[in-house]
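There are 2 protein chains.
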Amino acid sequence: MNIGILTIGDELTSGRIRDLNSPLIIREAARMGWVVSSILSVGDEISAIQRAINYFPDHCRATIVTGGLGATSDDMTTEAMARTWGRQLIRNEQVLSVLRDHVSARGFRWTEKHARQAQFPEGAEPIPNPVGSAWGFSLTHRDCLFIVLPGVPEEAAVMITDQVLPRLHRIDPSPNNVILSRTFKCFGISENEIEEKIRALIPHDEMTRIGFYPLFPEVHLVLTIRNANQKQANANLRNFETAITDVLQPHLFGRDHETLEGVVGNMLRQKRLGLAVAESCTGGLITDRLTDVAGSSEYLERGVVSYSNASKISLLKVPRHILVDHGAVSESAARYMAEGIRTASGVQLGLSTTGIAGPAGAVPGKPVGTVYIALAHPGGTVCQHFVFPRDRRKVKVAATHTALMMLREYLNTSPPGIGNP
Amino acid sequence: MNIGILTIGDELTSGRIRDLNSPLIIREAARMGWVVSSILSVGDEISAIQRAINYFPDHCRATIVTGGLGATSDDMTTEAMARTWGRQLIRNEQVLSVLRDHVSARGFRWTEKHARQAQFPEGAEPIPNPVGSAWGFSLTHRDCLFIVLPGVPEEAAVMITDQVLPRLHRIDPSPNNVILSRTFKCFGISENEIEEKIRALIPHDEMTRIGFYPLFPEVHLVLTIRNANQKQANANLRNFETAITDVLQPHLFGRDHETLEGVVGNMLRQKRLGLAVAESCTGGLITDRLTDVAGSSEYLERGVVSYSNASKISLLKVPRHILVDHGAVSESAARYMAEGIRTASGVQLGLSTTGIAGPAGAVPGKPVGTVYIALAHPGGTVCQHFVFPRDRRKVKVAATHTALMMLREYLNTSPPGIGNP
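Chains as they are written, first to last, in my numbering: chain B, 64 to 484; chain D, 64 to 484.
Isolated chain B, as found in the complex (with noise of 0.2 Å):
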């Protein structure tokens, strides 16, 4: 079943207030296996208000709309209905009999804007709202069943739950299909390389849907599946997700809700490693990656951003000469940094970046994006070069994603460590 949402109020168009209701509505929709396939916003105009109900019956089941119920002189959905489709404003009694109880109870006093409330369109069932004065109400308009919530988002969420939900399951009420999505997170390779490669794994049908979406320095592919049978599904998604993990390494680190951070701490604590970082290009965005995740006091020993050559010499023991010769953003320079921060913690690893994250900065040979980036472990010290051709911000954002998937390789293949001091 497809579903249409409409949220009504300037405060949405003028962009004041970010509309809590449509989120709570998809997600619920999702849960029951419908589709949420149109949400529209417009302002208290009535206008507007008509013509935006008329866009949704052609192709929606049922449409939610929220907004536009107050008692003041803005609200006006109840009555752009009404007109709209030719239907008679009817006063319900009972409801007026509820109001004035509700207004006379916070003591309020009442007026005849109060009784506007108890007005509805003919043929509309009125809908009881537990938390505030606007009752809400339904009415089918051309195969389109519409229910209207208030805007204020307690009391919309409350009447979703118990009065919306029960009435879609009224029209639809075996949404024999399951839904399951499962999101991969790559890093590393783009959009299209990642469909070319996955293109032979995905049945080209109604039921198996994937989705690209480029979230710098990220790419996530999402996968969803429908099926009847709940067996089914999970086990068509075991089998998708087993290829797919298969020809995405080394670029795949993650699903869902993890992030790279995550999964690389749970390698260092997994390993008992002990990590320490010495950073120049990323200026501390490797550290403050690392520090999101609860618990990284356990495997960060420490960081340092060496931003001047003279931080660099004294706290990594980085040699003069090195920098005087082959300047800071260089391979040895990273080498000696990622060395000398492994050695000053104590930690089994050490991980530097120096780079030149621009606009100005470049040199010959070296352009701005120009990174290098070292790990220095037990066994060895590992050190790459990369040129990212991008803007300052996302020279560090990109220079950091690499680090921490290098890393992340490293830990990947190396043998089980030893406890971290």
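Treat the hints with caution; some may be incorrect.
Since the list gives no way to pick one copy over another, a pair counts as held whenever it fits inside one copy or between any two copies.
Cross-link-like lysine-lysine pairs, in silico, DSBU-like; alpha carbons within 30 Å at most [what the hints assert, rightly or not]: (1) Lys429 with Lys457; (2) Lys380 with Lys457; (3) Lys294 with Lys457.
To be clear, the hints were calculated from the coordinates, so they are not data collected in a lab.
Could you slot chain D onto chain B? The hints should help.
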């Protein structure tokens, strides 16, 4: 002029990703005095896109479309528009050659998929993308100017400023109104408090609008002034700005595109002062922020992320008994850290943070979110204690902002310094 927004992508209708493009378009349109009348989101489905694009021409003079311009099979915005309006897809050779260069510069392999991105509906004008590979295009249908952009926020943002606004200007030069807009960026004060403070200063007329945008951890106040008379508009803005600046001190740190790290960096450069940073709970985020500013190596000498006690002792000379008696999260530790990094680096200013980012680590009297921030300067050391009752990432972000604000406050009041080695 009425403007429509259409965002395309399963990631939006499935709720996986928050739409960052619409808020930007809304804000820029408001600055110019244009009204966003409808915002519609649909998934990556050709019939949904076809239905959606036909929604706008009746009531919008222009429609900004984002998403579905990539090279993968789920990107079908261009095809949907061509099909809906019976226009042929025509390959643009110039764009094709730019795409080839772009792909090879990034070291990716050219495929036929990439060539799809050089196809545009008949009559469309391609719009360059200075950040990514997907070009946009503009196309007029039934008197509505459609401007189609990639969905990636970093790409869309640049194109909105550089390409969309000038095109909208051409169709609505709004000759009768000068529109001036100023963003005031505040930290450490709520929207409500800002509103109370400025309420008396802002005239309640049609020509002056204010909007509040909480962007954690900052709150932005946007003032928009319309006036038929340029001189009058400028004078009004100047008056409001003076009044607002006065009442919002000390929370107001910047305007328009200024950032806190940029403001602090400028002050350090002007005063010729050097800075070194010792971070515990902020984990490198302070130096990450500082080094986002080009040229920050002029004043940032080094940073240390002293996550372990051993690193606090060896790198910052924090006495062991302080860590044992007072704990690593204490005023004494913060003061020693700031003084230690100042001494070790030889620069004038040492900034430090130590705290409990959580979720674990709370002790009696020191709940999660407890943070001590110290600044060691030529005249002594100041230390402040805070509790940020937030999740781990937000504790780090709030502590970083607070530390930079403390530094700004010091630089605002300190005498001019002397040259930094």
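Tested hints:
no., hint, verdict
1, Lys429 with Lys457, "within (17 Å within a copy, 37 Å between copies)"
2, Lys380 with Lys457, "within (29 Å within a copy, 35 Å between copies)"
3, Lys294 with Lys457, "neither (43 Å within a copy, 41 Å between copies)"
Hint check: a violation occurs at hint 3 only; the rest are consistent with the structure.
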